[in-house]
Every structure is written in structure tokens, then in C-alpha cells.
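Quick mapping for you: the protein sequence lines, in order, are chains A and B.
Sequential numbering from 21 applies to the first sequence in my numbering.
Sequential numbering from 20 applies to the second sequence in my numbering.
No lab work stands behind these hints, which were simulated from the structure alone.
It is possible that some hints are incorrect.
Below, in silico cross-link-like pairs of lysine-lysine (DSSO-like), each with a Cα-Cα straight-line distance of 30 Å or less [unchecked claim]:
id : chain 1 : residue 1 : chain 2 : residue 2
1  : B       : Lys34     : B       : Lys77
2  : B       : Lys61     : A       : Lys34
3  : A       : Lys61     : B       : Lys77
4  : A       : Lys61     : B       : Lys34
5  : B       : Lys117    : A       : Lys84
6  : B       : Lys117    : A       : Lys40
7  : B       : Lys117    : A       : Lys61
8  : B       : Lys24     : B       : Lys76
Simulated restraints, written as ranges between beta carbons of each label pair [stated by the list, open to error]:
id : chain 1 : residue 1 : chain 2 : residue 2 : range
9  : B       : Thr129    : A       : Met65     : 27 to 33 Å
10 : A       : Thr77     : B       : Gly79     : 17 to 23 Å
11 : A       : Lys40     : B       : Pro130    : 42 to 48 Å
12 : A       : Ser38     : B       : Arg70     : 24 to 30 Å
Values in this document were obtained by computation on a predicted structure and should not be read as measured data.
From the three backbone atoms N, C-alpha and C, an ideal C-beta is built for every residue, glycine too.
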Amino acid sequence: GAVVSQHPSRVICKSGTSVKIECRSLDFQATTMFWYRQFPKQSLMLMATSNEGSKATYEQGVEKDKFLINHASLTLSTLTVTSAHPEDSSFYICSAREAGGLYEQYFGPGTRLTVT
Amino acid sequence: QQQVKQSPQSLIVQKGGIPIINCAYENTAFDYFPWYQQFPGKGPALLIAIRPDVSEKKEGRFTISFNKSAKQFSLHIMDSQPGDSATYFCAAGDSWGKLQFGAGTQVVVTP
Numbered sequence: 021g022a023v024v025s026q027h028p029s030r031v032i033c034k035s036g037t038s039v040k041i042e043c044r045s046l047d048f049q050a051t052t053m054f055w056y057r058q059f060p061k062q063s064l065m066l067m068a069t070s071n072e073g074s075k076a077t078y079e080q081g082v083e084k085d086k087f088l089i090n091h092a093s094l095t096l097s098t099l100t101v102t103s104a105h106p107e108d109s110s111f112y113i114c115s116a117r118e119a120g121g122l123y124e125q126y127f128g129p130g131t132r133l134t135v136t
Numbered sequence: 020q021q022q023v024k025q026s027p028q029s030l031i032v033q034k035g036g037i038p039i040i041n042c043a044y045e046n047t048a049f050d051y052f053p054w055y056q057q058f059p060g061k062g063p064a065l066l067i068a069i070r071p072d073v074s075e076k077k078e079g080r081f082t083i084s085f086n087k088s089a090k091q092f093s094l095h096i097m098d099s100q101p102g103d104s105a106t107y108f109c110a111a112g113d114s115w116g117k118l119q120f121g122a123g124t125q126v127v128v129t130p
């Protein structure tokens, strides 16, 4: 149980285009999802917290107009990287917290974004 | 500013050895301390987690030791195997459920 999927697993896009990444909880309902970014050989950095039915909360330094987050249902959150640039190339990972859960987060397999 | 300091950056042990990874935190609001294992190109997977009211927790070959007064916690991997070679991250969570990750430790277990 507690499986989180991400789609796509890899995406290559051209500079200036937008890319949407989906995060789904497959066998549980997630009231809260988190989006992380990880550069090669570095740690996970929390970008934003996404609560179902409300606006996402962004961490300091994360541009909310560039990284659009939507959590429209209890099993789906999306991250859209708008007007992507090469410096946005990274590994994006989502996690989900089960409805009623307090601490435990279940992580997705990640999405590798390359902007050319 | 790294809210959770993790060391060492990397370590190599022989099969059967016990890699030990240490983490320290400053913020006393943290009350959940998980460890994650990550293989290249994959998302992190939860190994074991501890709350501050417990000083030690064991799950299989993984043990967390927690020192609340020192604000430190560590992961021991007993009887390590080559398949344990991965990057390990400690993290600290607050009541909002947000996690702050350590920098990671690359563990290599040689046959």
C-alpha cells in the first residue's frame, strides 16, 4: 500500500515552454502533497506544500508564478513549470501524506526534467 | 541554511560492517525524525522513523539512536550488504508535516 506515482518519469523540453508533472496517490487519499527539487548529488529541497482544495504554500525563494501547483482532488496534484529555462533542469519529487496522517510522507519515483 | 546537519558525506564499509550516519538539528519544534534511502534516479524510500519520546528504535537491520538533549540522532545499519549501497538522508519534521532534509550520506558496502 501507500504508493505514489509521478508522470512523466522523464521529460525534455525547449527553453520557454511549460511542462506539467503529475503526482498521484494510487491507493490512499492525500489531503496534503509536497513538492521537492533535487539537483545532482544534492539533498531534497522542499518547494511547496499543496493542500487539496486550497492554494499551495511556497517556501521562501520559490517563485509561485513560475512553479504552479494545483491539488484539485484527494489523489492528484500537479506541478507546472512555466517558461522553463535550463536552470530549471532538475529532479522533481512529490510526496503525499495520507488523510488523517500526521507525519509519514510517501514519495513518488521522481521526474527528471531537462530544459534545452 | 541547513537546518539538519548530516555527516559523514560518504563512507565505505565492508560487507557485514556497521555504517553509522549522524545528524544534528537546532530547531526544537522538530518532533519527527525519519531516515530515507535513495537509489540513483529513484525517489527516497522511508526506512525507519522515530519520535522524541523514544531513545532507540529498531526495524530489521536498521536502528535509530536519538539523543534529545544533544539534539542528535543516528542511523546504524547492522550486517550491511552490498545491496545497501545507496544514499541515505536524515530528515526532521515539524507539526505542519514539513520535512527538512540533511545533505545525504553516500554509503558503499564492498563485497
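Do the hints match the structure? See the list:
1. B:Lys34 with B:Lys77: Given pair Lys34 (chain B), Lys77 (chain B) holds - Cα atoms ~20 Å apart, limit 30 Å.
2. B:Lys61 with A:Lys34: holds (24 Å)
3. A:Lys61 with B:Lys77: holds (28 Å)
4. A:Lys61 with B:Lys34: Roughly 24 Å between the alpha carbons, so the hint for Lys61 (chain A) and Lys34 (chain B) holds.
5. B:Lys117 with A:Lys84: Holds, at roughly 18 Å.
6. B:Lys117 with A:Lys40: Holds - the C-alpha atoms of Lys40 (chain A) and Lys117 (chain B) are around 23 Å apart, at most 30 Å.
7. B:Lys117 with A:Lys61: holds (22 Å)
8. B:Lys24 with B:Lys76: holds (21 Å)
9. B:Thr129 with A:Met65: 27 to 33 Å: Given a distance of about 31 Å, which is inside 27 to 33 Å, the answer is holds.
10. A:Thr77 with B:Gly79: 17 to 23 Å: violated (35 Å)
11. A:Lys40 with B:Pro130: 42 to 48 Å: holds (43 Å)
12. A:Ser38 with B:Arg70: 24 to 30 Å: violated (41 Å)
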